[in-house]
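All residue numbers for the sequence shown refer to my numbering, where the first residue is 1 and numbers rise by one.
Each hint should be verified, as a subset may be incorrect.
[Claimed, not checked] Calculated cross-link-like contacts (lysine-lysine; reagent style DSSO-like; alpha-carbon spacing at most 30 Å): (1) Lys149 / Lys27; (2) Lys77 / Lys111; (3) Lys134 / Lys65; (4) Lys52 / Lys143; (5) Lys43 / Lys65; (6) Lys77 / Lys102; (7) Lys159 / Lys43; (8) Lys19 / Lys174; (9) Lys14 / Lys170; (10) Lys43 / Lys174; (11) Lys174 / Lys14; (12) Lys52 / Lys174; (13) Lys149 / Lys34; (14) Lys176 / Lys14; (15) Lys65 / Lys52; (16) Lys19 / Lys149; (17) Lys163 / Lys19; (18) Lys111 / Lys84; (19) Lys27 / Lys159; (20) Lys19 / Lys134; (21) Lys77 / Lys65; (22) Lys34 / Lys134; (23) Lys34 / Lys143; (24) Lys77 / Lys134.
Hints are computed from structural coordinates only; laboratory data are not their basis. Keep in mind that this is a model prediction, so the values were computed, not measured.
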Amino acid sequence: MKLPQIQINAVSGKIGIQKTPTAIEMKQPMADMKIRQPHADVKYIQRDAEIKIDQSEAFADAGLKPISRHIQEWAAKGRQQVLKAMATAARQGDQMMSIENKGLAIPGIAKTNSEDPMREFNIGYIPSSPSRVKIHYTPGEFKVNATPKGAEIQINPNKPQIKVRTGSTKIYLKEKPSISFSVPGLNVDYKK
């Protein structure tokens, strides 16, 4: 005997998923920055160099002297001449005292007094030596004092700009589930 069979056909439902991704836009503006560099305080001290040249001795060699110096030199020469004349007079007096020794004192004295002294000449330089010009040099001075100043920096940060476009997920029924029953090989005639 054949037993009737039931055939069951089931179709599973299908789900569809539609996704829109999330989008993020981010911008980071640069920070606003201001930098100022003040100049350093600079102070300097300058003392000029000094040079002193004393040419008075060189001018004196050329005969260019102040009158006071001329007077001193003339007075010194006068004293020397007086002492020289006194020495000559004393020497000639001694010669005259010894006239009894058959000397020719008077003609000798006359000859000595009548002759011009021997004169010498030579080439002279004015000034007579370089050391007659005195040079004194004081070097100058230059000092710099600098006080640096730090940089002044101001920073204003800008916040990031963020835009978010939210995504979405939609779930829908793509195919409906179904179930069907059938009895194969069994034909049933229904008569009324």
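Exercise. Where does the structure disagree with the numbered hints, that is, which hint numbers, in rising order?
Worked result: Of the numbered hints, 1, 5, 6, 7, 10, 12, 16, 20, 22, 23 do not hold.
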